[in-house]
Amino acid sequence: MKTDWKLLSKIFLSFLKIGPVTFGGGYAMIPLIEREVVIKRKWLKMDDVSDVFAMAESVPGAIAINSATFIGHRIAGTKGAVCAMLGTLFPTFLVVMGISTLFFILQGNHYLESAFLGIRPAIVALIVYAGVKISKTAIFDKTTLGLTIAMLSILLFTPLHPILIILSGIILGIGIIKLKEKLGLVIQLESGHSNEAIMTKEGES
Amino acid sequence: MLLQLFFVFVMIGAVSFGGGYAMIPVIEAEVTGRGWMTTTEFTDVIAVAGMSPGPIATNSATVVGYHVAGVPGAIVSALAMTLPSLVIILIIASIFVKINQNKLIKSAFYGLRPIVTSLIIYAAIKFAISNGIIGLDFSFEMLKYGGIFLLSLVALLYWKLHPALVIVLSGIIGIIVF
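First to last, the sequence lines map onto chains A and B. One point on numbering: in the working numbering, the residue at position 167 of the first sequence is 167, and numbering is uninterrupted. One point on numbering: in the working numbering, the residue at position 42 of the second sequence is 1042, and numbering is uninterrupted.
Incorrect hints may have been included.
Coverage of chain B stretches by chain A, computed from C-beta distances (three or more under 8 Å per stretch; other residues unrestricted) [stated by the list, open to error]:
#1 1002–1015
#2 1084–1092
Chain A is faced by these chain B residues, among others (derived, beta-carbon under 10 Å) [stated by the list, open to error]:
#3 Val1071
#4 Leu1136
#5 Ser1139
#6 Gly1146
#7 Leu1153
#8 Ile1175
Derived by calculation from the structure, the hints in this document are not laboratory data. Every residue gets a Cβ at the ideal spot worked out from N, C-alpha and C, and that includes glycine.
Given these sequences and hints, build the entire structure.
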C-alpha cells in the first residue's frame, strides 16, 4: 500500500485539535470527533462513530485515545491508527510536561507547598467521586456487590499485586456467568439502565 | 532505567480497564514498590495529571516517567502506556469483531467492573491514610484536611464542578489555611 502522507497528516492534525479537549474523561470528545470526522472531513458515518465509542470502552486504555486509534484505523489502516493516536497524545503530553516542569522549578516554594497540602485531600475526594460514579454501573446485583467487598478486603489485607486482582476479575466474571448458566439462573450482564440503552439502540438500527 | 519504565507501563497499559482512576493504585504499587516515589509524592503526581487535559492514567505515567528519568522517561512512559491499546485495537480492527457485543467479553466485564470499583475505593483509603486525612492520632491539621476533603466531594458530587477546577480551588484554599 502506498503511503498517503497528505491523508495521514490530516488525520494527525485533526486529532491534535481534539486532543486538548479531553479534559477529565474521553466522553467530552464525542461531539468534537463527530463534528471533525463525520461532518467536516466526511471520513466516517455517524453510526460508525457510535460503534467506535462502544468498542473503545471494551479495550484497555483511555477511551479518548482508543477511540482516536479505532477511527484512524478505519480511515487509513495501521498508519492511520498510529497518526490518530499520536495526534491525541501529543498536545496533552506537552501540557503535562509544562505543568510538571513548572512544579519542579517551584519546588520548595512556600505557597506551592501550602497549595499541595490543600490539593491532596481534594485528590482523595476526586478518587472517591470516581468510585461513586463507577459503582453505579458496576454494582447491580448480589454477586457484583459481593465481588466488590471481597476484592476490597483482599486489596486492603493481603499483599497481592493489583494487576493480579484485575486479571482475576476477568476470570471470575467469565466463570461466574458460566456457573449461573449451568444453574439456570437469570443472567444480567449489565446494570438495568445500560441494558435498556443497548436495547433501544438496537431497536433504532 | 528507561527499559524499566517501558516494561512497567506496558504492563499497566495492558490492564487499564474501567477508566484511569482504577489504575491509580496499580501505578502507585509499582512506583512505591520500586522506590521511585513515596505515596505522598505520587498524590502530587495525580494532582498534576488531573490538572492537565487528557486521560489521568496516561498523564500520571508521563509525570512518573519525567520524575524518574527526565524528558526521555516521560516520552517512553507515555508511549509504553498506550502501546498495548494500539496493538489490541489493530488486532480487533483487522479481524472485524464487534467485541462490545461479544458475550464472553461482556461476562469478563461483569467481573471487571466491581473489581475496578474496589480498586478505586482501595486507592481512596490508601491515599487518605498516607496523606494524614484519616489516622489514629487526632490533630488540628486532620480537621483541615477533612474539611477540604468533604468540601471537594460535595463540589464534585452535588455542585458538579469540574475535577480540574476542584483541584485548583483546593490549592487556593490550601494557600489560605496552611
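Now the hints, each set against the structure:
For the region 1002–1015 of chain B, the stated coverage by chain A is satisfied: 5 residues place a CB nearer than 8 Å to a CB of that chain, which reaches the threshold of 3. For a cut-off of 8 Å, the count of residues in the region 1084–1092 of chain B with a CB near a CB of chain A stands at 7, and the three-residue condition holds. About 7 Å separates the beta-carbon of Val1071 (chain B) from the nearest beta-carbon of chain A, less than 10 Å, and the hint is met. Taking 10 Å as the C-beta contact cut-off toward chain A, the hint placing Leu1136 (chain B) at the interface is violated, the least distance being around 16 Å.
Proximity of Ser1139 (chain B) to chain A is violated relative to the hint, the smallest CB-CB distance being about 13 Å (cut-off 10 Å). Here the hint on Gly1146 (chain B) is kept, as its CB sits about 7 Å from the closest CB of chain A, short of 10 Å. A cut of 10 Å between beta carbons decides the hint on Leu1153 (chain B): the least distance to chain A is about 4 Å, and the hint holds. Residue-level restraint check for Ile1175 (chain B) holds (minimum Cβ-Cβ distance to chain A is 5 Å; threshold 10 Å).
Figure legend: structure checked against the earlier numbered hints; hints not met, in rising order: 4 and 5.
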